[in-house]
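Trainee: Sequence:
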Amino acid sequence: MDIALIIFLVFGLFIFFSSFFTVKQQTSVIIERFGKFTSVRNSGLHLKIPLIDRIAGRVNLKIQQLDVIIETKTKDNVFVKMKVSVQFKVIQDKVYDAFYKLEYPHDQITAYVFDVVRAEVPKLKLDDVFERKDDIAIAVKRELNEAMTTYGYDIINTLVTDIDPDIQVKNAMNRINAADREKTAAEFEGESTRIRIVAKAKAEAESKRLQGQGIADQRREIARGLVESVEVLNRVGINSQEASALIVVTQHYDTLQAIGADANSNLILLPNSPQAGSDMLNNMVASFSASNQVGEMMKRNYKKVKPKIEEENPETKTPEEEV
15 MDIALIIFLV FGLFIFFSSF FTVKQQTSVI IERFGKFTSV RNSGLHLKIP
65 LIDRIAGRVN LKIQQLDVII ETKTKDNVFV KMKVSVQFKV IQDKVYDAFY
115 KLEYPHDQIT AYVFDVVRAE VPKLKLDDVF ERKDDIAIAV KRELNEAMTT
165 YGYDIINTLV TDIDPDIQVK NAMNRINAAD REKTAAEFEG ESTRIRIVAK
215 AKAEAESKRL QGQGIADQRR EIARGLVESV EVLNRVGINS QEASALIVVT
265 QHYDTLQAIG ADANSNLILL PNSPQAGSDM LNNMVASFSA SNQVGEMMKR
315 NYKKVKPKIE EENPETKTPE EEV
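In this note's numbering, the protein residues as written are 15 to 337.
Worth flagging that the hints you see were computed from the coordinates, not collected in a lab.
Values in this document were obtained by computation on a predicted structure and should not be read as measured data.
Hints are supplied without guarantee of correctness; some may be wrong.
Stated by the list, open to error - Okay, derived cross-link-like pairs now, DSS-like style, lysine-lysine, Cα gap no bigger than 25 Å in a straight line:
(1) K115 - K38
(2) K115 - K103
(3) K103 - K87
To be verified - Simulated restraints on C-beta separations:
(4) P136 - F202: 15 to 25 Å
(5) R195 - R233: 52 to 62 Å
(6) K197 - K87: 24 to 34 Å
(7) K216 - V246: 19 to 29 Å
(8) A215 - V183: 20 to 30 Å
(9) N56 - E145: 22 to 32 Å
(10) R233 - S206: 13 to 23 Å
(11) K216 - R238: 26 to 36 Å
(12) K197 - I177: 43 to 53 Å
By construction, the Cβ of each residue, glycine as well, lies at the ideal position given by its N, Cα and C atoms.
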């Protein structure tokens, strides 16, 4: 008798506790009675008829993510692997549809993603696929929303998270990019070299101009000094030829003294004899005289042939007329 009572009490407690169940937050429970849908229970503590009502299943109301990897080809016949992430959830008011109308919702979503991506990507070239990935994601979301809302699912967002072309295509793209950057670098280097050359040429031109100006100023001052020296010597009774000889000899010995002052000098002054100054002066005077004689002779000869030239070529302009 005691054993039967214990069994009855245990059975009663089992029936009592099986009448109560709890539902977690963001979860819905489907209750069936003899295999027929009865109700949907949301989060909290609930009561059901033991041995008659049963929990047919639990539906997760949280946002879920499904990653779909698709291989397709572009308009320019490049095969790419794309990863599309679909974020979705069950609509709370349509838990019945989500539980009873679809047995494998992930497979259904995957099929729609494959269909849309393989319809959109072949219309685009590889570069356009990278640039318009958001358009592909929007097209996938629009198609999924139209199809999955009927089954109680809401598509929150779709993202194209990865586009992976064939390894050979990626290497070729990298080589093209590298070559383009090298070309740009070469253009900049060439421009830099040109700027340096132009700047150097301008600097050299300015240097030569200043150097020439300095030489001209130097020669002008030397000439002025010589004139003043000759005038001073003339005032003390020395004529111009003697003054010139004295100046030449003085400069000659000044040059010899400057050369001798430097122990490491390799300069040799020719001629370097004591009479070198007077010889140079005589040679210069003789050359000036010879030049004047040649010029006078050319003028006399020209005067003789001028009438004949004017007679033969009356329109010809003579050098004197030009002058």
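Trainee: Going back to the hint list, which numbers does this structure go against?
Mentor: Per hint list: 3, 4, 7, 8, 9, 10, 12 violated.
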